[in-house]
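Enquirer: Line by line, the protein sequences give chains A and B. Residue numbering for the first sequence follows the numbering used here, beginning at 1 and increasing consecutively. Residue numbering for the second sequence follows the numbering used here, beginning at 1001 and increasing consecutively.
Calculated directly from the structure, the hints in this document are not laboratory data. Worth double-checking, as some hints may not be accurate.
[Said to hold, decoys possible] Within a straight-line C-alpha distance of at most 25 Å, the following computed DSS-like cross-link-like pairs (lysine-lysine) qualify:
{"hint": "1", "chain 1": "B", "residue 1": "LYS1103", "chain 2": "A", "residue 2": "LYS253"}
{"hint": "2", "chain 1": "A", "residue 1": "LYS283", "chain 2": "B", "residue 2": "LYS1241"}
{"hint": "3", "chain 1": "B", "residue 1": "LYS1241", "chain 2": "A", "residue 2": "LYS221"}
{"hint": "4", "chain 1": "B", "residue 1": "LYS1241", "chain 2": "A", "residue 2": "LYS303"}
{"hint": "5", "chain 1": "A", "residue 1": "LYS276", "chain 2": "B", "residue 2": "LYS1250"}
{"hint": "6", "chain 1": "B", "residue 1": "LYS1103", "chain 2": "B", "residue 2": "LYS1080"}
{"hint": "7", "chain 1": "B", "residue 1": "LYS1248", "chain 2": "A", "residue 2": "LYS253"}
{"hint": "8", "chain 1": "A", "residue 1": "LYS307", "chain 2": "B", "residue 2": "LYS1250"}
{"hint": "9", "chain 1": "B", "residue 1": "LYS1248", "chain 2": "A", "residue 2": "LYS221"}
{"hint": "10", "chain 1": "A", "residue 1": "LYS276", "chain 2": "B", "residue 2": "LYS1197"}
{"hint": "11", "chain 1": "B", "residue 1": "LYS1080", "chain 2": "B", "residue 2": "LYS1197"}
{"hint": "12", "chain 1": "A", "residue 1": "LYS303", "chain 2": "B", "residue 2": "LYS1248"}
{"hint": "13", "chain 1": "A", "residue 1": "LYS307", "chain 2": "B", "residue 2": "LYS1248"}
{"hint": "14", "chain 1": "A", "residue 1": "LYS221", "chain 2": "A", "residue 2": "LYS276"}
{"hint": "15", "chain 1": "A", "residue 1": "LYS307", "chain 2": "A", "residue 2": "LYS283"}
{"hint": "16", "chain 1": "B", "residue 1": "LYS1241", "chain 2": "A", "residue 2": "LYS307"}
{"hint": "17", "chain 1": "A", "residue 1": "LYS152", "chain 2": "A", "residue 2": "LYS276"}
{"hint": "18", "chain 1": "B", "residue 1": "LYS1103", "chain 2": "B", "residue 2": "LYS1250"}
{"hint": "19", "chain 1": "A", "residue 1": "LYS152", "chain 2": "B", "residue 2": "LYS1250"}
{"hint": "20", "chain 1": "B", "residue 1": "LYS1250", "chain 2": "A", "residue 2": "LYS253"}
{"hint": "21", "chain 1": "A", "residue 1": "LYS276", "chain 2": "B", "residue 2": "LYS1248"}
{"hint": "22", "chain 1": "B", "residue 1": "LYS1250", "chain 2": "A", "residue 2": "LYS221"}
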Amino acid sequence: MADVWVFCQEADGAPTSLGLELLTKARELGTVTALYLGAGSDGAFATLGEYGATAVYHFDPGDELASGPVAAALADLVQSHRPRLLLFGQAYDDRDVAGRLAARLGLSVLSNAVDVAIDGAVTTRHEIFGGSQIATATVEDDGPVVVLVRPKSFPAEPVGGGTPTATPVDLPDVGAAAARVTGSHVEEREGPQLEDAAVVVAGGRGLGSPDGFELVERVAKALGAATGATRAIVDAGWVPYAKQVGQTGKTVKPDVYIACGISGAMQHLVGMKDSKTIIAINKDPEAPIFSVADLGIVGDVHKVLPKLAEALEARTGS
Amino acid sequence: MQVVVCAKQIPDPANPYELEPDTHWLVRPAEQILDDTDRYGVEMGLQLAQADEGTVTLVSMGPAGNMQGIRQALAMGADKAVIVDDPALRGSDALTTARVLAKAIEREGFDLVIAGTESTDGYSGVVPQMVAELLGVPALTYATAVTVGDGSVTIHRQTAAGYDIVEAALPAVVSVTAGVVEPRYPTFKGIMEAKKKPVDTLTAADLGIEPSLVQKVVSVEPAPERQAGEIVEDDGDAHLKIVELLEKVKVI
Chain A
1 MADVWVFCQE
11 ADGAPTSLGL
21 ELLTKARELG
31 TVTALYLGAG
41 SDGAFATLGE
51 YGATAVYHFD
61 PGDELASGPV
71 AAALADLVQS
81 HRPRLLLFGQ
91 AYDDRDVAGR
101 LAARLGLSVL
111 SNAVDVAIDG
121 AVTTRHEIFG
131 GSQIATATVE
141 DDGPVVVLVR
151 PKSFPAEPVG
161 GGTPTATPVD
171 LPDVGAAAAR
181 VTGSHVEERE
191 GPQLEDAAVV
201 VAGGRGLGSP
211 DGFELVERVA
221 KALGAATGAT
231 RAIVDAGWVP
241 YAKQVGQTGK
251 TVKPDVYIAC
261 GISGAMQHLV
271 GMKDSKTIIA
281 INKDPEAPIF
291 SVADLGIVGD
301 VHKVLPKLAE
311 ALEARTGS
Chain B
1001 MQVVVCAKQI
1011 PDPANPYELE
1021 PDTHWLVRPA
1031 EQILDDTDRY
1041 GVEMGLQLAQ
1051 ADEGTVTLVS
1061 MGPAGNMQGI
1071 RQALAMGADK
1081 AVIVDDPALR
1091 GSDALTTARV
1101 LAKAIEREGF
1111 DLVIAGTEST
1121 DGYSGVVPQM
1131 VAELLGVPAL
1141 TYATAVTVGD
1151 GSVTIHRQTA
1161 AGYDIVEAAL
1171 PAVVSVTAGV
1181 VEPRYPTFKG
1191 IMEAKKKPVD
1201 TLTAADLGIE
1211 PSLVQKVVSV
1221 EPAPERQAGE
1231 IVEDDGDAHL
1241 KIVELLEKVK
1251 VI
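Bound conformation, chain A alone (with noise of 0.2 Å):
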């Protein structure tokens, strides 16, 4: 069986489920070590046993920035245990810590992997060109090898495993390399987190305006539904980057996914494109977000946001 060390971390007190993906998917493919970042508790490592993690380190960097000296700690244990795998997500901390863990030792990294095999050789699967092509790659390398998995691409399941036990990591000083974190600020959000919600009502241009993304806001309400947008509005400073879906934002399944004046790039497709139903409205019939849908209405988002929004509240009488 091979060595396979998931890298995992904590938010609001439990693992991301991000983290309990990969070990969902790192069970299939050998013996799960977990490497867990955050303050750490007995409730925390039970949910990492309980989706197959058979031993866990675990990492606390207190108010340090986490990259530099988990990376370097990190290192120390690949080298002494060399590990034929390690699974990281594509987020913010983990492509810290991989990369420079990565230089640090030298290893190779293939990033946003959609699915990952040992096969003699470490072989990953990745979506290009908005998820139009996959293509296969492989490291001719029979050491540690990192991957970087994107969010979403293997469901979480439980194994109902024991509590494993956690090793605390000692962390070095890494003298220049060293960042501090002083301030910690958490944007307001109102109904359900983007990732996890089952109906998202998503904004680009064509709402023409960023009074236009009130409508999608007013939709979303409806719906109990999480509100997204695309890369474009978001460096236009119409909504925030938490909001972002696509390549360099969230990847979101949602059962519903319904695309406000979106015309559908590339960078946008690969992090909506597998919801399970996708409505899309448009003024260009020639826009791309139409041949992933499955309801597309050529028309006026600010003729049709109304009218839908205007339906939907007399149901629920809000």
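Based on the hints, put chain B in the right spot on chain A.
Expert: Relative to the frame of chain A, chain B by itself:
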């Protein structure tokens, strides 16, 4: 302050990308543009350098082509460019790219290195962190705001919930998100001046790097297509079609 900005020339994403048949590497035409992501890095670098009469050096890896993208960044105001163009580096993975960039950056000298969080054409998303590790400095990543003062750098670092405030002593690597600043458009004067600014072209050997390819793309095939949906023209009642579908899939 010596600011180095990592900048990449990429095929214009407005045109469909093509792959070379055997290697599955991206076809790179002579005419490449400055990655839009890097316009933010260049602007941030210019603003920070201008605040204390510093310099901005561009460092880039990839086929130089006709240098349109690099000239674009020079026209914005960068002082000079170093581009590592070597056929032996084609198909390089993130780590080889980072090694090349780190060597070129060391050669130039730096107080602050600025990069985008990921390129638009390769998007491995780990190169700035690798460069920082190779240079032995902190990587302050996903910055939505950057300030420099008194030998240190402070950023707003994007998180899933909002942002953290992170600070470190210089020298450091900072990766910036799009939107960190509003990139300027080159002026006519800037465009004319860019033609005379120094551009060094280097090979891997100039930096003491022996390229090796350990990763390869073995195949590329079309993804299973999603079944085509129903497309209707809005006749004033299209919202009812949406309500009907939402009922059918039981979300209302």
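Enquirer: Against each hint, give a clear statement of whether it holds in the structure.
Expert: Results of checking the hints against the structure:
no.	hint	verdict
1	B/LYS1103 <-> A/LYS253	violated, 41 Å
2	A/LYS283 <-> B/LYS1241	holds, 16 Å
3	B/LYS1241 <-> A/LYS221	holds, 19 Å
4	B/LYS1241 <-> A/LYS303	holds, 14 Å
5	A/LYS276 <-> B/LYS1250	holds, 12 Å
6	B/LYS1103 <-> B/LYS1080	holds, 17 Å
7	B/LYS1248 <-> A/LYS253	holds, 18 Å
8	A/LYS307 <-> B/LYS1250	holds, 20 Å
9	B/LYS1248 <-> A/LYS221	holds, 20 Å
10	A/LYS276 <-> B/LYS1197	violated, 53 Å
11	B/LYS1080 <-> B/LYS1197	holds, 6 Å
12	A/LYS303 <-> B/LYS1248	holds, 23 Å
13	A/LYS307 <-> B/LYS1248	holds, 19 Å
14	A/LYS221 <-> A/LYS276	holds, 20 Å
15	A/LYS307 <-> A/LYS283	holds, 16 Å
16	B/LYS1241 <-> A/LYS307	holds, 12 Å
17	A/LYS152 <-> A/LYS276	holds, 13 Å
18	B/LYS1103 <-> B/LYS1250	violated, 57 Å
19	A/LYS152 <-> B/LYS1250	holds, 23 Å
20	B/LYS1250 <-> A/LYS253	holds, 16 Å
21	A/LYS276 <-> B/LYS1248	holds, 13 Å
22	B/LYS1250 <-> A/LYS221	holds, 17 Å
Checked against the numbered hints given earlier, the structure breaks hints 1, 10 and 18 and satisfies all the rest.
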